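S.K.: Respectively, the protein sequence lines represent chains A and B.
Counted the way numbering that gives the first Met the number 0 counts, the first sequence spans residues 0 to 55.
Counted the way numbering that gives the first Met the number 0 counts, the second sequence spans residues 0 to 481.
By construction, these hints were calculated from the structure, which means they are not laboratory data.
Since the structure is predicted, the reported quantities are computational estimates derived from the model, not experimental observations.
Ideal Cβ positions, reconstructed from N, Cα and C, are used throughout, including at glycine.
Among the hints, a few may not be true.
[Said to hold, decoys possible] Derived DEER-like restraints, expressed as beta-carbon distance ranges:
1. B:L172 with A:I46: 30 to 40 Å
2. B:P457 with A:S22: 26 to 36 Å
3. B:K208 with A:G36: 33 to 43 Å
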Amino acid sequence: MSDLLEGIEEEIARRARIIDDPSYDPGPKLDKNDLIGAIILAVVCAIGIALGYILM
Amino acid sequence: MSKNMDTEVNNEVYYGIIPVFKNEKLYNGMDIFIILSGISIATWCYTHGGHLGTSMGLAPAVLNTFCTISLASVFVILVCVIATRLGTDIWVYQRTILGKTGCNLFLLAFFFATWGWYAINAKVFGSSMAKLIEALGINVSAVGETLLALLCVALGWYVACRGPVAVRTTNKLMVPCLFAIGFILLILVFNRWSLAELLAMKPVNDVGKSWESYVLIAEWNLAYLFAWYPSLGALPRLCKTERGSYWGSIAGFGITLALFVCIGAVAGLAMSSVGIVSHDPTDWLVYLGGPVVGLLSLVLVGFANISTASAGTYSHVLSSKIIKPDMKYWQLATLWCIWCGILVCWGGIWDNYTIFLAIIGTMAAPAIGLLVTDFYIVRKGKVSMKHLYGVDDPNSCTFTGGFNLVGFGALAAGIIAYFIVYDPFSSAARIALFNYTTATLLACAVSSVTYYLLSRIPSLRSYMKLDTEYNAVSPAQETVAD
Numbered sequence: 000m001s002d003l004l005e006g007i008e009e010e011i012a013r014r015a016r017i018i019d020d021p022s023y024d025p026g027p028k029l030d031k032n033d034l035i036g037a038i039i040l041a042v043v044c045a046i047g048i049a050l051g052y053i054l055m
Numbered sequence: 000m001s002k003n004m005d006t007e008v009n010n011e012v013y014y015g016i017i018p019v020f021k022n023e024k025l026y027n028g029m030d031i032f033i034i035l036s037g038i039s040i041a042t043w044c045y046t047h048g049g050h051l052g053t054s055m056g057l058a059p060a061v062l063n064t065f066c067t068i069s070l071a072s073v074f075v076i077l078v079c080v081i082a083t084r085l086g087t088d089i090w091v092y093q094r095t096i097l098g099k100t101g102c103n104l105f106l107l108a109f110f111f112a113t114w115g116w117y118a119i120n121a122k123v124f125g126s127s128m129a130k131l132i133e134a135l136g137i138n139v140s141a142v143g144e145t146l147l148a149l150l151c152v153a154l155g156w157y158v159a160c161r162g163p164v165a166v167r168t169t170n171k172l173m174v175p176c177l178f179a180i181g182f183i184l185l186i187l188v189f190n191r192w193s194l195a196e197l198l199a200m201k202p203v204n205d206v207g208k209s210w211e212s213y214v215l216i217a218e219w220n221l222a223y224l225f226a227w228y229p230s231l232g233a234l235p236r237l238c239k240t241e242r243g244s245y246w247g248s249i250a251g252f253g254i255t256l257a258l259f260v261c262i263g264a265v266a267g268l269a270m271s272s273v274g275i276v277s278h279d280p281t282d283w284l285v286y287l288g289g290p291v292v293g294l295l296s297l298v299l300v301g302f303a304n305i306s307t308a309s310a311g312t313y314s315h316v317l318s319s320k321i322i323k324p325d326m327k328y329w330q331l332a333t334l335w336c337i338w339c340g341i342l343v344c345w346g347g348i349w350d351n352y353t354i355f356l357a358i359i360g361t362m363a364a365p366a367i368g369l370l371v372t373d374f375y376i377v378r379k380g381k382v383s384m385k386h387l388y389g390v391d392d393p394n395s396c397t398f399t400g401g402f403n404l405v406g407f408g409a410l411a412a413g414i415i416a417y418f419i420v421y422d423p424f425s426s427a428a429r430i431a432l433f434n435y436t437t438a439t440l441l442a443c444a445v446s447s448v449t450y451y452l453l454s455r456i457p458s459l460r461s462y463m464k465l466d467t468e469y470n471a472v473s474p475a476q477e478t479v480a481d
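Bound-form chain B, shown alone (with noise of 0.2 Å):
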């Protein structure tokens, strides 16, 4: 191979599918717990929070949002730890649940709604520099504040482009950004109102104070957090080990993200109080801070946009190199900024929340469930790269014309007690059951143990190759280069 096409192959380590060395791996705990921060304290927790808070009063809100998604966390983060160990992306590892084809596919499918997630950050950015543009005595019309939801956009491409080194020194940049919000709306709306003031406060669209109204609130928290699902890869695979991973991502995908939805839960409560009805923490900055404090915070929520952006670029973008491992990385990523921009423009996301949130959970709780079960209880967390990525023997993966049907039985066997439980589009449960499992853990659960069952099976286990597909080979001198 030539210089230039050995340089090319190198960068797939960071910027495709190639599995990576532990000596190559880039990150630390702290550095995996800042990035993934930066993914997941944007500003869709305001958006989630700002829901939460005008559905129900403030302590069993918070404490069940906190404690539910903290909760939840020491179970879906297991799959980060899946992606440290191997040093490859989870979507490379599910072409052995799923198939090669049916991985493809389904990534495909998640990928375009996951998308959705960056529109609703686009829209923030998009809103807080029409805030500050307008606060100049500039009109911004609602076409410039899409262009500039689009620039939001542009610039996560930008960053993610550079690299994973890139991504982490602009989280490290503006994630204190992003905590230093959260604290400003916080200080705001205590200055403005009491503790005792905010517990008494009623909820704008009160569910109600009954079990099944704690358990529907339980529901959209597990919903929001398996919804992180396609991005549980990407980045803890570059990091150096398996504690670091674990925690960290517990820490910043769990534990932060639950804060930060909480603070969106008090700020929406507490803004719902006086007329404000938005799950836009721009409209609640500028109104709490005035002129000097709330254009400053919404500054501090652009920049903040800009640092989500780009990790969940560069992370979307990575894992959706399994299909097509040549595509140069900056044309794969442009082509799913172009979809983000058509989902910007089209606004439905934001005005169809709840839907486009049950939707992922709908299709992330099976997968997580099917991840988690296949790597440590079916394989026991032994598995061979090889298998994987079909070295020596191509055909590793196709199982049934590419899919692996006992992998999609289970998935579908969690989507449909998904919804024989539960009706996302009017956000009601349509069984008792879902009051003690809500749908998301149902889905999770069946998924689980339906695939676990069915690998007992002697056939199937067969037609999976789970007995043939890890072959010990003889120990031999380490050969990875420094």
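One chain only, chain A, in its complex shape (with noise of 0.2 Å):
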């Protein structure tokens, strides 16, 4: 194994193990609000669908 691809590994392992620790923050997750806005444009996507069919 390369010492490169060693270092590599070793440093993978260091940060998966801080990361799996429930103490650790990715930051703020998705929420409400997201969701609240994704189906605004989802409702406003699927009623220019079906204009463009009437459209046609």
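Fit the two chains together into the complex; they arrive one by one in their own frames, and the hints show the way.
M.R.: Right, here's the structure in full:
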């Protein structure tokens, strides 16, 4: 195994242990507001698709 | 480890597969929007749009395209959030779905095809530069145009090798060019034709006015969006927040991409009405813009193609590092760019665009379905990084000889469903079900449902290590280095 690969694997192992720790905070997750936004976008697009067919 | 080795290893955070800590992430939502726009609104938007514009009338083509792509992006971009949350590429994540060897092979198969996009990008760069040179009175042969196309590949390689900051800087400079090209095209088209005239134009390769035709156009649009699957992880993993990643990616990969395909559809339709049936935006720009505006636009196209090549090269090379992590980034980039160069010289991607699109869509749709189902539904967003990377247990993603048979079974089910309902070689539906589901969405759904149902079987759950791989550790002090 090359020194670089060994170094990479050691660093990955170190980071994986830290990230797997429940106290590690990866940052805020998507929330209800994002879900509402996605639903609104989806509904608007669905209406647009229907309109496109009507205008054929 | 020596200091040099420390530096080399640390470089692998941005040039390799080492997971990124939160404080190491570089991009906010606006950054990811700009960079993904740089990849997605390249000249292939005009290629795809031009194809659509010659197939269906303006209003249905635009509404179908914009709304189908934007709607589908709401689902597809959930894949980007996986990369952001875990700080790693989706190709590392997919080891747990396809097995370590299976993931590597799937990546290779997919990437060999995906570089076709960058061959198209390079071809248009070559075309635009050739036209510029010819405007100076110097004839450019077909060989010369190919060499110019290869120059685009080389420049993309050069910027990509400078790293993610260089990619961001290049795209911040070049993406405005991409937007400018689109708006110049729209202005030129509407300067010559009124909206009423455009709405009344008949497409030269009309697919008809039936529901079946409308769904066929939707299928092409869905395949076009899903085809971005291999690029959905490498850059969003560097995004600081999930919200920035999700909405920045929807804005870049979804809405903006859809908008520029529509611009291509408008221009393609308009140009076909004067006998120029071409998917090459440089033909449109020169015809519509005349000597000055047309040539200026060609310069913008050239610059824009370089930014696309750089972002795409960085993303794809980074993802493929999972196969050989200790390979130098520039070496792997060189190998892929040589492959891209071969595709440029062959030229077959351009001539067989719909087949190329279908081949990619066939594989991408089930894969995206598996990713979203596995992460959000089966694992409920909880994944062990030690499991993904084989820390403590090198065989964590070995399964059966390196292949997760459950994942591949679900993938195969989706691909089979695709071909049952649709013939991509003749672009024709095989059975009526296609007209309600499209092949892409059906393949995605079949893979997802199959995978989920299989994951509910206790013996298969055990095979997939679903109940054992995530072991919560006791709370500890956070030891992330600043």
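S.K.: Determine for every hint whether it applies to the structure shown.
M.R.: Structure-based check of each hint:
Under the hint 30 to 40 Å, the C-beta atoms of L172 of chain B and I46 of chain A, about 37 Å apart, fit the expected range. At about 32 Å, the CB distance of P457 of chain B to S22 of chain A agrees with the hint of 26 to 36 Å. Under the hint 33 to 43 Å, the C-beta atoms of K208 of chain B and G36 of chain A, about 34 Å apart, fit the expected range.
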